[in-house]
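Protein sequences, first through last, are from chains A and B.
Residue numbers 1 to 341, in my numbering, belong to the letters of the first sequence in order.
Residue numbers 1 to 288, in my numbering, belong to the letters of the second sequence in order.
You may find that some hints are simply not true.
[Said to hold, decoys possible] Taking CB as the label site, the calculated pair distances span: (1) A:Ser307 to B:Ser126: 45 to 51 Å; (2) B:Thr57 to A:Gly166: 37 to 43 Å; (3) A:Val19 to B:Ala117: 41 to 47 Å; (4) A:Phe210 to B:Gln120: 51 to 57 Å.
[Unchecked claim] Which chain B residues stay away from chain A? Per the calculated CB distances, all over 12 Å, these: (5) Leu11; (6) Thr12; (7) Phe85; (8) Val99; (9) Gln120; (10) Leu134; (11) Val140; (12) Tyr147; (13) Pro150; (14) Gly227.
[Said to hold, decoys possible] Below are the SDA-like pairs computed for lysine to any residue, each with C-alpha atoms no more than 20 Å apart in a straight line: (15) B:Lys86 to A:His202; (16) B:Lys86 to B:Trp151; (17) B:Lys86 to B:Ala6; (18) B:Lys86 to A:Asn262.
Hints listed in this document are in silico derivations from the structure and should not be mistaken for laboratory results.
Just so you know, these numbers come straight off a predicted model, no measurement behind them.
Glycine included, each C-beta is placed from N, C-alpha and C at the ideal position.
So the chains spell out like this:
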Amino acid sequence: MKRFTRAIGGPLGAILLLVVLMSLAMIVAGTSPIDGFTALFGGALGGVNQIGETLVATSALLFPALGIALAFRGGLFNIGAEGQLLMGALFAGAAGAQLNVPGPIGIVALLLLGALGGGFWGAIAGWMKARFGANEIIATLMLNFVAAYVALDLVSGPWRGPLATGAETAWLDPRYWLPTILPHTRLSLGIVVALAIAVALHWVFTRSVFGYDLRAAGEAPEAARRSGINIERLTWISLTLSGAIAGVGGASIVAGELHRFNTQLSPGYGFTAIAVALVGDLQPLWICVAAFGFGILESGGLAMQASAQVPKDAIHVIEGLIILVLAARRYVSTRTEAATS
Amino acid sequence: MTSLIATLVLLTLIKSTPLIYAALGGVISERSGVINIGLEGMMATGAFTAVCTSYATHSTILALVCGVAAGALVGFVLAIAATRFKVDQIVAGTGLNLVCAGGAAYGLVLLFNQPGASVQVDALGSRYWMLIVLAFAAAVALQLLLYSTPWGLRVRACGENPRAVAAAGLDPLALRTYAVTISGALAGLGGAFLSIGELNIYSDGMTAGRGFIALAAVIFGRWNPLGATAAALVFGLFEALQYVLQGRIPWLPADAMQALPYVAALIALAGITGKVRPPLSDGVPYER
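Model the full assembly from the supplied sequences, consistent with the hints where possible.
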């Protein structure tokens with residue numbers, strides 16, 4: 001949707017801003033920016049293992065960010081990616097523990113189950129919005145909490161693995177693990193799936209009728225309605241698809257890295273993904289770049305906390321500030337346009 | 001049975017109070033034409049600041065004042081973003097929520113040297129009832145302010161038709177700035193009640209979506225202070241029910257019960273729609 005995309009400036013501005021803010025957060029924590037960034041980048045890119053973890057985080061952020069971008073383009077502010085990802089992971093984890101089919105079929109089934117779980121969760125909000133006009137921002141956020149408690153209840157009770165120590169399902173049979181694509185790391189084929197979805201979405205947004213309708217509904221809903229687009233139908237379809245993409249991401253974490261469902265599996269990927277989608281200008285290919293950038297922050301943040309004593313939560317402050325400041329840049333750039341034209 | 005009902009009533013009042021403050025904040029902000037998605041972050045800021053102040057000064061009154069001031073500051077930031085910079089209010093509010101929650105988590109590590117939760121600090125203790133009474137007083141006061149004073153009429157006009165306000169020689173941007181700053185102050189007080197009224201610590205994620213439940217209360221209460229207060233009481237009742245029912249009904253799953261207030265908000269949102277209308281210019285930046 002234009003008001004969202006217009007609200008965000010270019011990715012380069014974002015990077016510059018990020019470096020300045022990050023330095024500030026380090027100085028406040030009593031660390032020199034040089035030490036802080038050394039720890040951050042060393043932890044994120046300093047070896048094969050580190051790069052693998054960074055790409056694992058990239059992949060975890062990319063799925064929900066792509067889903068969010070789809071909804072935002074249709075003018076729907078989906079802040080429920082966290083819950084949709086969790087439901088996708090829950091479906092995949094619960095079913096995966098029971099599955100008995102050949103490996104490759106099982107893996108595809110797990111990812112589809114993830115899409116089903118996330119899509120179901122997105123569809124609830126979509127149905128509420130389309131049928132009753134319920135505010136999708138509040139609805140998707142409420143559903144995050146409902147998802148967390150439902151998942152907690154199911155995996156502490158009926159779906160709990162027989163040998164599990166905490167609230168988690170049984171481990172998946174190794175046949176259903178997504179293959180590792182970088183030796184000696186946890187990086188799985190999941191990231192390839194994410195990139196494939198990004199390319200597919202790029203095509204959908206730029207070439208397909210659905211992508212056109214979505215943009216029309218997002219930028220000029222009244223005109224879209226009058227031109228014969230069924231906005232209600234588009235609303236629930238786009239929120240369902242948006243949730244489904246996040247849900248595949250959840251399944252990818254289950255099948256690719258954790259090999260079971262655990263209620264703690266996402267440290268807020270669904271929220272960070274909002275920043276990823278906005279910094280990526282809601283364009284799938286730019287979102288891939290943004291996801292890598294935020295992946296560096298996610299995985300380097302832990303190292304920065306451990307070796308440079310800068311709390312990793314500084315990263316979330318900075319994500320929020322980027323959203324805020326880039327949202328303000330819209331005004332600055334339209335002002336400049338007005339002055340130069 | 002009588003004692004059970006008494007417990008439920010008291011718990012409902014306690015659980016509703018932060019929601020009432022935040023919902024009143026939501027009402028004044030949206031009445032002026034600014035959607036306040038940042039209520040959640042403003043509550044977290046108020047809660048965290050109150051705990052820090054109490055830790056440093058051992059004065060709970062000062063802690064409340066600082067919590068309110070910190071909430072107002074975040075409100076002011078959103079106000080400036082929404083009025084002077086004409087940002088997308090939803091994007092900006094989402095950003096502010098991340099900043100506030102992340103900032104509090106960062107502050108916890110820096111100040112208390114431990115992630116997740118603060119140490120225990122001096123709290124209101126049994127004096128928390130004053131804030132409950134104040135919440136209802138604030139609801140009545142805001143109702144009178146919005147519907148019985150010239151300033152209230154102007155604020156409401158800003159939310160409906162800011163051009164008309166400007167044509168009358170007033171500054172809609174200034175009015176919106178005041179309204180959203182007050183909104184932040186109210187949400188900050190709601191947050192402070194959570195941390196040093198009901199409890200005596202700040203922990204990560206303690207606001208738990210209450211800012212958004214409050215937004216649902218604003219809609220359910222038809223953008224009206226008394227209506228929003230009533231809606232907040234209903235949502236508070238569902239939160240209280242979960243504690244009262246826990247363990248009493250064996251077939252009810254304990255964890256899923258915690259989802260009750262969120263489910264209640266969802267049902268309320270779906271049920272009310274079509275019958276209410278937000279202020280006409282709610283969320284629309286005003287361009288001079």
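Legend entry - Hint consistency between Lys86 (chain B) and Asn262 (chain A) [alpha-carbon to alpha-carbon, up to 20 Å]: Distance ~42 Å between Lys86 (chain B) and Asn262 (chain A) Cα, so the pair is violated.
Inset, instruction - Mind checking the hinted window 51 to 57 Å against the Cβ distance between Phe210 (chain A) and Gln120 (chain B)? - result: 55 Å, holds
Legend entry - Ala117 (chain B) and Val19 (chain A) - C-beta distance against the hinted 41 to 47 Å: This hint is violated: roughly 31 Å between Cβ atoms.
Legend entry - 20 Å Cα cutoff - pair Lys86 (chain B), Trp151 (chain B): 23 Å, violated
Legend entry - Pair hint Lys86 (chain B) and His202 (chain A), alpha-carbon separation not exceeding 20 Å: 29 Å, violated
Legend entry - Cβ separation check - Leu134 (chain B) to all of chain A, threshold 12 Å: Non-interface label stands for Leu134 (chain B): nearest chain A Cβ at 26 Å, farther than 12 Å.
Legend entry - 12 Å cut-off, C-beta based - Gln120 (chain B) kept clear of every residue in chain A: At about 21 Å from chain A, Gln120 (chain B) clears the 12 Å cut-off, so the statement holds.
Legend entry - 12 Å Cβ clearance of Thr12 (chain B) from chain A: 19 Å, holds
Inset, instruction - Beyond 12 Å from every chain A Cβ: check whether that's true for Val140 (chain B). - result: 26 Å, holds
Legend entry - Distance restraint hint 45 to 51 Å, applied to the beta-carbon atoms of Ser307 (chain A) and Ser126 (chain B): For Ser307 (chain A) and Ser126 (chain B) the Cβ distance comes to about 46 Å; the hint holds.
Inset, instruction - Below or equal to 20 Å on CA atoms is what counts here, so check Lys86 (chain B) against Ala6 (chain B). - result: 48 Å, violated
Inset, instruction - Over 12 Å to the closest beta carbon of chain A is the bar; see if Leu11 (chain B) clears it. - result: Holds, because the least Cβ-Cβ distance between Leu11 (chain B) and chain A comes to about 19 Å, which exceeds 12 Å.
Violated hints for the displayed structure, listed by number in ascending order: 3, 7, 8, 15, 16, 17 and 18.
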